[in-house]
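Quick mapping for you: the protein sequence lines, in order, are chains R and B. For the first sequence, full-length UniProt numbering gives the first residue as 1, with consecutive numbering after it. For the second sequence, full-length UniProt numbering gives the first residue as 1, with consecutive numbering after it.
Treat the hints with care, since some could be wrong.
A pair counts as met if it fits within one copy or between any two copies, since identical chains are not told apart.
In silico BS3-like links for lysine-lysine, alpha-carbon gap of 27 Å or less [claimed, not checked]:
no.	residue 1	residue 2
1	369	175
2	259	404
3	94	64
4	105	369
5	404	175
6	420	175
7	105	64
8	404	420
9	303	369
Treat the hints as calculated values from the structure; they're not laboratory data.
Now for the letters of each chain:
There are 2 protein chains.
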Amino acid sequence: MTAVDTTPVTTSLNLGPARALSCRECGHEVPLAAEFACAECFGPLEVAYEFGAVTRESIESGPKSIWRYRDLLPVPPDVQAHPNTDPGFTRLVKADRLAAALGVKSLWVKDDTGNPTHSFKDRVVAVALAAARSLGFTVLACPSTGNLANAVAAAAARAGWDSVVLIPSSLERAKILTTAVYDGSLIAVDGNYDDVNRLATELAAEYEDWAFVNVNVRPYYAEGSKTLGYEVAEQLGWRLPGQVVVPVASGSQLTKVDKAFRELGTLGLVEATPYRIFGAQATGCSPVAAAYKAGQDVISPVKPDTIARSLAIGAPADGPYVLDSVRRTGGAVEDVTDEEVVEGIRLLARTEGIFAETAGGVTVATAKKLIESGQLDPDAETVLLITGDGLKTLDAVEDRIGPKAVVPPSSAAVRAALGK
Amino acid sequence: MTAVDTTPVTTSLNLGPARALSCRECGHEVPLAAEFACAECFGPLEVAYEFGAVTRESIESGPKSIWRYRDLLPVPPDVQAHPNTDPGFTRLVKADRLAAALGVKSLWVKDDTGNPTHSFKDRVVAVALAAARSLGFTVLACPSTGNLANAVAAAAARAGWDSVVLIPSSLERAKILTTAVYDGSLIAVDGNYDDVNRLATELAAEYEDWAFVNVNVRPYYAEGSKTLGYEVAEQLGWRLPGQVVVPVASGSQLTKVDKAFRELGTLGLVEATPYRIFGAQATGCSPVAAAYKAGQDVISPVKPDTIARSLAIGAPADGPYVLDSVRRTGGAVEDVTDEEVVEGIRLLARTEGIFAETAGGVTVATAKKLIESGQLDPDAETVLLITGDGLKTLDAVEDRIGPKAVVPPSSAAVRAALGK
Numbered sequence: 001m002t003a004v005d006t007t008p009v010t011t012s013l014n015l016g017p018a019r020a021l022s023c024r025e026c027g028h029e030v031p032l033a034a035e036f037a038c039a040e041c042f043g044p045l046e047v048a049y050e051f052g053a054v055t056r057e058s059i060e061s062g063p064k065s066i067w068r069y070r071d072l073l074p075v076p077p078d079v080q081a082h083p084n085t086d087p088g089f090t091r092l093v094k095a096d097r098l099a100a101a102l103g104v105k106s107l108w109v110k111d112d113t114g115n116p117t118h119s120f121k122d123r124v125v126a127v128a129l130a131a132a133r134s135l136g137f138t139v140l141a142c143p144s145t146g147n148l149a150n151a152v153a154a155a156a157a158r159a160g161w162d163s164v165v166l167i168p169s170s171l172e173r174a175k176i177l178t179t180a181v182y183d184g185s186l187i188a189v190d191g192n193y194d195d196v197n198r199l200a201t202e203l204a205a206e207y208e209d210w211a212f213v214n215v216n217v218r219p220y221y222a223e224g225s226k227t228l229g230y231e232v233a234e235q236l237g238w239r240l241p242g243q244v245v246v247p248v249a250s251g252s253q254l255t256k257v258d259k260a261f262r263e264l265g266t267l268g269l270v271e272a273t274p275y276r277i278f279g280a281q282a283t284g285c286s287p288v289a290a291a292y293k294a295g296q297d298v299i300s301p302v303k304p305d306t307i308a309r310s311l312a313i314g315a316p317a318d319g320p321y322v323l324d325s326v327r328r329t330g331g332a333v334e335d336v337t338d339e340e341v342v343e344g345i346r347l348l349a350r351t352e353g354i355f356a357e358t359a360g361g362v363t364v365a366t367a368k369k370l371i372e373s374g375q376l377d378p379d380a381e382t383v384l385l386i387t388g389d390g391l392k393t394l395d396a397v398e399d400r401i402g403p404k405a406v407v408p409p410s411s412a413a414v415r416a417a418l419g420k
Numbered sequence: 001m002t003a004v005d006t007t008p009v010t011t012s013l014n015l016g017p018a019r020a021l022s023c024r025e026c027g028h029e030v031p032l033a034a035e036f037a038c039a040e041c042f043g044p045l046e047v048a049y050e051f052g053a054v055t056r057e058s059i060e061s062g063p064k065s066i067w068r069y070r071d072l073l074p075v076p077p078d079v080q081a082h083p084n085t086d087p088g089f090t091r092l093v094k095a096d097r098l099a100a101a102l103g104v105k106s107l108w109v110k111d112d113t114g115n116p117t118h119s120f121k122d123r124v125v126a127v128a129l130a131a132a133r134s135l136g137f138t139v140l141a142c143p144s145t146g147n148l149a150n151a152v153a154a155a156a157a158r159a160g161w162d163s164v165v166l167i168p169s170s171l172e173r174a175k176i177l178t179t180a181v182y183d184g185s186l187i188a189v190d191g192n193y194d195d196v197n198r199l200a201t202e203l204a205a206e207y208e209d210w211a212f213v214n215v216n217v218r219p220y221y222a223e224g225s226k227t228l229g230y231e232v233a234e235q236l237g238w239r240l241p242g243q244v245v246v247p248v249a250s251g252s253q254l255t256k257v258d259k260a261f262r263e264l265g266t267l268g269l270v271e272a273t274p275y276r277i278f279g280a281q282a283t284g285c286s287p288v289a290a291a292y293k294a295g296q297d298v299i300s301p302v303k304p305d306t307i308a309r310s311l312a313i314g315a316p317a318d319g320p321y322v323l324d325s326v327r328r329t330g331g332a333v334e335d336v337t338d339e340e341v342v343e344g345i346r347l348l349a350r351t352e353g354i355f356a357e358t359a360g361g362v363t364v365a366t367a368k369k370l371i372e373s374g375q376l377d378p379d380a381e382t383v384l385l386i387t388g389d390g391l392k393t394l395d396a397v398e399d400r401i402g403p404k405a406v407v408p409p410s411s412a413a414v415r416a417a418l419g420k
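Go ahead and model the full structure; you've got the sequences and the hints to work with.
As structure tokens, this is what we get:
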């Protein structure tokens with residue numbers, strides 16, 4: 001192992017309202033540091049807070065990015081003093097045409113395709129970067145097969161940090177390009193994603209100045225997803241929706257949206273009205289839906305086989321907490337076939353002009369299925385989280401769509417083709 | 001020709017501050033209608049205004065989209081009452097690392113990749129749709145080879161309108177998919193882009209209810225580009241930048257940014273400080289740069305041959321007006337090779353984490369060249385317009401970038417590859 005000259009400094013650390021890391025299982029607390037597993041019980045650590053005075057006005061006077069919620073995140077108060085991609089505050093779209101197609105009364109789409117690298121990963125990476133800087137790290141790293149690789153490479157470039165992004169060497173060319181362009185240290189590993197993940201954990205232990213966003217600084221990283229919940233509530237006019245449908249990969253995002261809604265209620269920023277959270281999975285990788293339906297508390301890992309690759313985590317770390325959130329709020333977890341995923345992508349595009357990646361197709365198709373089965377109340381206000389961009393998963397729709405007609409260059413031919 | 005039952009209604013038309021169409025050449029005015037060429041001299045028509053009271057406060061209290069400038073656009077006052085993609089108010093990024101690389105003091109990047117379909121075309125199409133609705137049209141149409149096709153198909157889907165998008169049948173599969181997904185009437189035409197364009201003009205004359213955004217409603221459509229200028233000024237804190245670099249295709253965008261800056265000064269929304277406008281072209285399609293350098297007023301058409309396809313207009317309609325703007329403000333028009341375009345894309349990605357399409361590479365590379373040649377003042381504040389997304393032109397970088405290394409799954413191999 002190479003000599004490391006930058007030791008993370010945790011003294012006089014100021015991560016805003018974050019006061020400790022707390023074990024989700026046993027509640028044991030440790031000071032803020034680059035740790036992710038409880039020394040007592042090996043349970044996952046998450047950020048615990050002591051919030052100061054936060055008002056709607058203080059938030060509304062902030063920047064048009066996730067940093068308007070900096071007083072609710074584990075980042076230093078001067079987080080904006082350092083360059084970052086400033087993600088978030090994406091559109092919340094009133095989706096009346098999709099609502100009509102689905103037969104629901106009031107529907108909103110949270111469209112995270114507008115983020116800097118066009119997925120919600122920019123949110124979590126921005127928070128990870130800010131915390132990592134405070135913790136003394138100097139390199140941003142991750143194992144990834146897609147959106148996360150883009151987000152880490154872009155955020156590091158903007159910050160002037162080196163990045164180390166590990167990908168399976170078999171990754172599609174387009175996904176390699178969209179990361180390589182930022183010119184960090186992109187390393188292709190001869191192995192599958194499990195091999196890459198293992199390697200990341202190994203490297204995180206060896207290099208003390210490398211912040212693997214989803215490994216050694218994961219507790220901070222994960223908190224970034226809370227901003228989706230904050231934004232939905234603020235953009236609805238400071239109230240909680242009755243129902244929200246969230247795609248489930250590791251499950252972290254769903255639990256953090258839940259956490260955000262609860263925090264807003266506790267802090268008096270919204271009225272603590274009841275809400276129901278629904279999880280959406282692809283049938284080809286639906287271990288959480290399976291556990292939910294079987295009434296189990298434990299997730300049985302699966303081998304993913306679905307076009308929704310950004311959700312293809314066979315052993316989702318936060319699966320049990322997803323079950324907690326869903327059951328506590330009266331929601332459900334449902335799954336849809338790849339065929340339905342593509343139909344979901346097309347339905348959203350056709351009705352609202354929003355082109356989502358496969359994960360978005362999962363969310364839309366799951367919402368449809370939940371409505372048809374009576375699990376989702378068509379009369380309650382509903383929000384769908386669309387977390388990534390269709391430009392990144394063109395292969396999913398490739399064989400199913402195309403021009404209506406191919407014609408010679410004459411107006412008569414066009415008229416004939418359109419039947420007009 | 002089929003019977004048309006919807007005749008555009010132009011009586012009691014309310015397009016906000018727009019009061020007439022005015023010929024850019026002879027000044028002849030006609031009432032607001034779906035016209036684009038002067039009946040007197042065949043010159044291009046543009047929108048003339050009579051602005052009401054517009055204040056910084058009235059704008060700042062508006063929505064976070066181009067509609068905050070609705071009192072400066074040819075759209076009805078209730079433009080937001082109808083569903084549209086609500087583009088605009090994209091990020092203005094302080095680009096300190098790019099500034100350092102280019103050797104300039106103060107540099108900003110206007111990042112229009114955050115628009116709904118990830119290019120500035122969402123702006124112009126949204127204005128065209130709003131005007132077209134008021135003018136009585138019911139179908140949104142265009143000939144296009146890329147960004148415009150995406151924007152028209154998405155905007156029509158969101159509005160619940162049919163769209164007719166004409167493309168050359170030889171268009172790359174990815175660009176077909178990103179339009180077809182919105183499920184309008186996408187028609188592939190056996191012919192080149194000139195054939196497709198001619199066909200559009202023919203169809204615009206035949207179907208009175210089809211608004212070809214860049215043909216029969218072009219005067220309204222073009223005004224949408226003013227919002228880039230408004231946003232830059234507002235985001236700088238209500239002042240004009242000293243220099244702005246704008247990519248030149250038809251040339252319309254550059255002239256509208258100029259128009260926006262002048263309007264803001266006239267209306268007292270900013271101090272009318274001097275600014276210089278620079279045009280950026282790819283050498284493989286640089287008729288405006290050629291005319292500028294030769295000191296000519298007339299543009300000699302060229303046959304485009306460049307990877308910057310979104311700028312590949314060989315006979316740019318607004319070329320002469322670009323020359324006017326550039327010469328009046330003390331700017332210039334410069335062009336860069338395809339090699340430099342790719343380097344421009346990579347430089348922006350590496351320094352700021354922003355992945356631009358080829359047109360963005362043209363803008364960055366041109367800025368670099370203008371600085372090196374002393375035409376652009378390194379001490380004056382400069383804004384670069386990045387108008388489209390790198391995800392759409394992956395082929396341009398495909399052969400030049402990739403992983404730093406391919407390694408077996410061991411940390412020793414990663415360390416060796418990184419030389420650490």
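How the hints compare with the structure:
{"no.": "1", "hint": "369 / 175", "verdict": "neither (31 Å within a copy, 31 Å between copies)"}
{"no.": "2", "hint": "259 / 404", "verdict": "neither (46 Å within a copy, 39 Å between copies)"}
{"no.": "3", "hint": "94 / 64", "verdict": "both (19 Å within a copy, 15 Å between copies)"}
{"no.": "4", "hint": "105 / 369", "verdict": "within (16 Å within a copy, 56 Å between copies)"}
{"no.": "5", "hint": "404 / 175", "verdict": "between (29 Å within a copy, 15 Å between copies)"}
{"no.": "6", "hint": "420 / 175", "verdict": "between (42 Å within a copy, 26 Å between copies)"}
{"no.": "7", "hint": "105 / 64", "verdict": "between (29 Å within a copy, 25 Å between copies)"}
{"no.": "8", "hint": "404 / 420", "verdict": "within (14 Å within a copy, 55 Å between copies)"}
{"no.": "9", "hint": "303 / 369", "verdict": "within (24 Å within a copy, 52 Å between copies)"}
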